[in-house]
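*Asks:* Sequence:
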Amino acid sequence: MGKKCLLDCTLRDGGYTNDWLFGNGNLICIYNRLAAANVDFIEIGFLDDRRPMDIDRSIQPTTAAFNQVFANIEKTKSKTLAMIDYGTCSIDSIQNKNNTIIDGIRLIFKKEKIDGAIEYAKLLKNKGYEIFLQMVSITAYSDRDLLNFIDKANEVSPHAVSIVDTYGLLHDKELIHIFELMDRNLLSDITLGYHAHNNFQLGYSNCIKVLENTTNRNVLVDGTLYGMGKGAGNAPLELLAMYLNNTFKKKYDINSILEAIDNNIMNMYQKKPWGYNYVFYISALNDCHPNYVTHLLNKNVLSLQAVNIILSKIPIENKLFFNESLIENLYFNYQNNIIDDENTINELCSLIKGKTVFLIGPGPSIINQKQTILEHIIKYKNHVVISVNSYPSDFPIDYVFISNSKRFNLMYVQLKDHYNKIIATSNIVPITHNFRYIVNYEDYKATNIEENSFTTAINLFMKLGANNLKLAGFDGFSNTNLNYYDGRLTLNENRNMDKFNKEISNYIKSIESKIIIEFITDTRYKIEDQNE
Numbered sequence: 001m002g003k004k005c006l007l008d009c010t011l012r013d014g015g016y017t018n019d020w021l022f023g024n025g026n027l028i029c030i031y032n033r034l035a036a037a038n039v040d041f042i043e044i045g046f047l048d049d050r051r052p053m054d055i056d057r058s059i060q061p062t063t064a065a066f067n068q069v070f071a072n073i074e075k076t077k078s079k080t081l082a083m084i085d086y087g088t089c090s091i092d093s094i095q096n097k098n099n100t101i102i103d104g105i106r107l108i109f110k111k112e113k114i115d116g117a118i119e120y121a122k123l124l125k126n127k128g129y130e131i132f133l134q135m136v137s138i139t140a141y142s143d144r145d146l147l148n149f150i151d152k153a154n155e156v157s158p159h160a161v162s163i164v165d166t167y168g169l170l171h172d173k174e175l176i177h178i179f180e181l182m183d184r185n186l187l188s189d190i191t192l193g194y195h196a197h198n199n200f201q202l203g204y205s206n207c208i209k210v211l212e213n214t215t216n217r218n219v220l221v222d223g224t225l226y227g228m229g230k231g232a233g234n235a236p237l238e239l240l241a242m243y244l245n246n247t248f249k250k251k252y253d254i255n256s257i258l259e260a261i262d263n264n265i266m267n268m269y270q271k272k273p274w275g276y277n278y279v280f281y282i283s284a285l286n287d288c289h290p291n292y293v294t295h296l297l298n299k300n301v302l303s304l305q306a307v308n309i310i311l312s313k314i315p316i317e318n319k320l321f322f323n324e325s326l327i328e329n330l331y332f333n334y335q336n337n338i339i340d341d342e343n344t345i346n347e348l349c350s351l352i353k354g355k356t357v358f359l360i361g362p363g364p365s366i367i368n369q370k371q372t373i374l375e376h377i378i379k380y381k382n383h384v385v386i387s388v389n390s391y392p393s394d395f396p397i398d399y400v401f402i403s404n405s406k407r408f409n410l411m412y413v414q415l416k417d418h419y420n421k422i423i424a425t426s427n428i429v430p431i432t433h434n435f436r437y438i439v440n441y442e443d444y445k446a447t448n449i450e451e452n453s454f455t456t457a458i459n460l461f462m463k464l465g466a467n468n469l470k471l472a473g474f475d476g477f478s479n480t481n482l483n484y485y486d487g488r489l490t491l492n493e494n495r496n497m498d499k500f501n502k503e504i505s506n507y508i509k510s511i512e513s514k515i516i517i518e519f520i521t522d523t524r525y526k527i528e529d530q531n532e
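In this text, residue positions in the sequence shown follow the numbering used here: the first is 1, and each later residue adds one.
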């Protein structure tokens with residue numbers, strides 16, 4: 001059986017969490033503690049000649065710059081590696097190996113850039129470096145793709161070839177299939193490696209599967225201190241070291257690893273945590289780039305069910321490479337769930353005909369000015385009261401207008417016995433049974449404004465023939481105060497509130513010739529004095 005080896009890539013993969021700004025003291029301490037722990041390979045960061053030299057970072061433009069950063073380390077039997085993302089570092093930025101602290105270079109590349117990466121690897125090898133070929137986004141490779149790559153890799157005869165599960169998509173059977181295919185076809189003296197990500201919480205267990213595989217070649221697994229790394233993080237180095245010690249009689253010093261975590265890593269984790277979360281789970285569930293998920297979630301109008309439905313529409317060839325225009329089109333098509341709402345519109349017209357329409361929003365003024373609102377409602381005996389994306393129980397609500405999936409999910413317990421009161425836009429997915437009133441979302445959303453239930457509701461009621469709307473609880477937005485009567489309704493406090501208020505104010509002004517808008521509670525929207 002071949003040797004089992006451990007590689008730490010904290011200073012490189014962990015750098016995605018802090019823009020590689022560890023501080024020189026931390027860089028040196030982490031390196032020395034990993035060396036004291038007898039970790040076989042220590043990756044010290046990225047070589048990227050687009051970046052300036054910065055002694056406090058683990059991303060440098062040249063090998064000479066890394067010599068300055070790590071001038072105070074003592075070389076041990078641990079081998080020192082750096083990584084290059086093919087195309088980001090000129091060969092002229094790389095000194096000959098005997099002039100640097102770096103023993104080997106790990107080269108990452110996408111499938112479509114294999115040929116160029118192989119030629120670049122040959123140039124690096126000619127400079128004396130041990131070469132590690134890193135196949136990023138391994139799930140994009142078919143078996144034929146893998147065999148084609150292996151033929152080219154064998155020509156270079158690198159020190160190692162690694163399976164890189166960039167988005168944490170692999171389960172054990174898929175992983176072992178790839179591992180065994182490569183094991184059968186790579187030259188026997190090439191180490192076979194595995195780099196995990198933790199989207200499915202499988203980083204550690206998948207590493208164990210690789211290490212348990214019976215092969216005569218050397219096997220290498222990557223880890224990081226406390227799992228520090230991009231997205232959902234990596235397999236924790238301390239767990240891998242423990243497993244290798246217990247199972248393969250390795251002699252990694254766990255105490256040195258724990259000292260590095262306690263003294264150099266935990267303060268970074270407390271400032272900006274990494275690790276498993278549902279964004280990375282959803283991206284892995286849909287075999288797609290995490291940016292697709294965050295793009296949809298940042299809209300703050302979609303349920304997770306809706307997000308999954310949209311992600312399922314991404315073509316296979318686009319899943320692993322983020323395309324903003326593509327996901328916007330898919331989002332638009334989903335929201336524009338066209339239905340025939342003619343009968344619904346006719347029925348709703350009859351319900352409000354001849355009545356004074358009150359729209360109740362979710363602003364805190366409905367608590368502060370509750371009595372004012374109730375007095376207005378009582379004043380108009382022939383009225384209809386409709387709450388918008390909330391269900392305030394202190395008011396005689398006749399109907400609830402919903403255009404935001406997240407808000408609907410929040411209100412579900414309150415509304416589950418009142419589905420006959422719900423007026424929903426067509427982008428809302430019912431949880432139990434269908435809504436009685438469904439209207440086309442796309443027909444009523446305001447253009448040139450961030451999606452907003454207030455403007456959507458006004459557009460709908462103009463279509464229904466209302467000529468006067470009494471508004472309460474549409475307070476506008478503030479960066480300093482609570483914006484909702486119930487804090488649980490808060491979805492997005494990161495937007496530019498002043499800009500958003502101005503957009504809504506401009507919208508109200510644009511429709512003033514079509515409908516009378518009367519605010520009966522305080523608002524930040526700038527409108528003409530209604531008493532003039």
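Incorrect hints may appear among the rest.
Computed spacing ranges between beta-carbons, pair by pair [as the list claims (entries may be wrong)]:
1) PRO273 x ASN468: 47 to 53 Å
2) ARG488 x ASN263: 38 to 44 Å
3) ILE511 x PRO396: 35 to 41 Å
4) ASN216 x ILE309: 29 to 35 Å
5) HIS177 x ASN420: 16 to 22 Å
6) PRO52 x MET1: 31 to 37 Å
7) ILE55 x SER142: 24 to 30 Å
8) ASN496 x ILE55: 43 to 49 Å
9) ASN308 x GLU155: 38 to 44 Å
10) ASN448 x SER312: 27 to 33 Å
11) ASP486 x LYS355: 26 to 32 Å
Only pairs whose alpha carbons sit at most 27 Å apart, straight line, appear in this in silico BS3-like list of lysine-lysine [stated by the list, open to error]:
12) LYS3 x LYS113
13) LYS173 x LYS370
14) LYS421 x LYS502
15) LYS526 x LYS509
16) LYS75 x LYS110
17) LYS370 x LYS313
18) LYS445 x LYS463
19) LYS509 x LYS299
20) LYS3 x LYS249
21) LYS381 x LYS445
22) LYS79 x LYS173
23) LYS173 x LYS299
24) LYS230 x LYS272
25) LYS502 x LYS445
26) LYS209 x LYS3
27) LYS79 x LYS230
28) LYS272 x LYS445
Derived from the structure by calculation, the hints contain no laboratory data.
Note that this is a predicted model, so its numbers are computed, not measured.
Positions of the beta carbon are idealized from the N, C-alpha and C atoms, including for glycine.
*Asks:* Holds or violated: are the alpha carbons of LYS173 and LYS370 at most 27 Å from each other?
*Replies:* Violated, at roughly 61 Å.
*Asks:* Check the following: the C-beta atoms of PRO52 and MET1 are separated by a distance inside 31 to 37 Å.
*Replies:* About 46 Å separates the Cβ atoms of PRO52 and MET1, which means 31 to 37 Å is violated.
*Asks:* Does LYS79 pair with LYS173 here, judged by a C-alpha cut-off of 27 Å?
*Replies:* Not satisfied, since the Cα-Cα distance of roughly 31 Å exceeds 27 Å.
*Asks:* Range hint 38 to 44 Å: satisfied by the CB atoms of ARG488 and ASN263?
*Replies:* With Cβ atoms ~39 Å apart, the hint holds.
*Asks:* How does the Cβ-Cβ distance of ILE511 and PRO396 compare with 35 to 41 Å: does it lie in that range?
*Replies:* With Cβ atoms ~27 Å apart, the hint is violated.
*Asks:* Lying within 43 to 49 Å: is that true of the beta-carbon distance ASN496 to ILE55?
*Replies:* 37 Å, violated
*Asks:* Straight-line Cα separation of LYS230 and LYS272 no greater than 27 Å?
*Replies:* Cα-Cα ~12 Å, so holds.
*Asks:* Tell me if the beta carbons of ASN448 and SER312 are separated by a distance inside 27 to 33 Å.
*Replies:* 30 Å, holds
*Asks:* Hint check: LYS173 vs LYS299, CA-CA at most 27 Å. Holds or violated?
*Replies:* With a Cα-Cα distance of about 36 Å, the restraint between LYS173 and LYS299 is violated, given a limit of 27 Å.
*Asks:* I want to verify a distance hint. Is the separation of the beta carbons of ASN308 and GLU155 within 38 to 44 Å?
*Replies:* 43 Å, holds
*Asks:* Next pair to validate is LYS272 with LYS445; report whether the Cα-Cα distance is within 27 Å.
*Replies:* 37 Å, violated
*Asks:* For the pair we were handed, LYS209 and LYS3, check the Cα-Cα distance against 27 Å.
*Replies:* 15 Å, holds
The structure is inconsistent with the numbered hints 3, 4, 5, 6, 7, 8, 12, 13, 14, 16, 17, 21, 22, 23, 28, although it conforms to all the rest.
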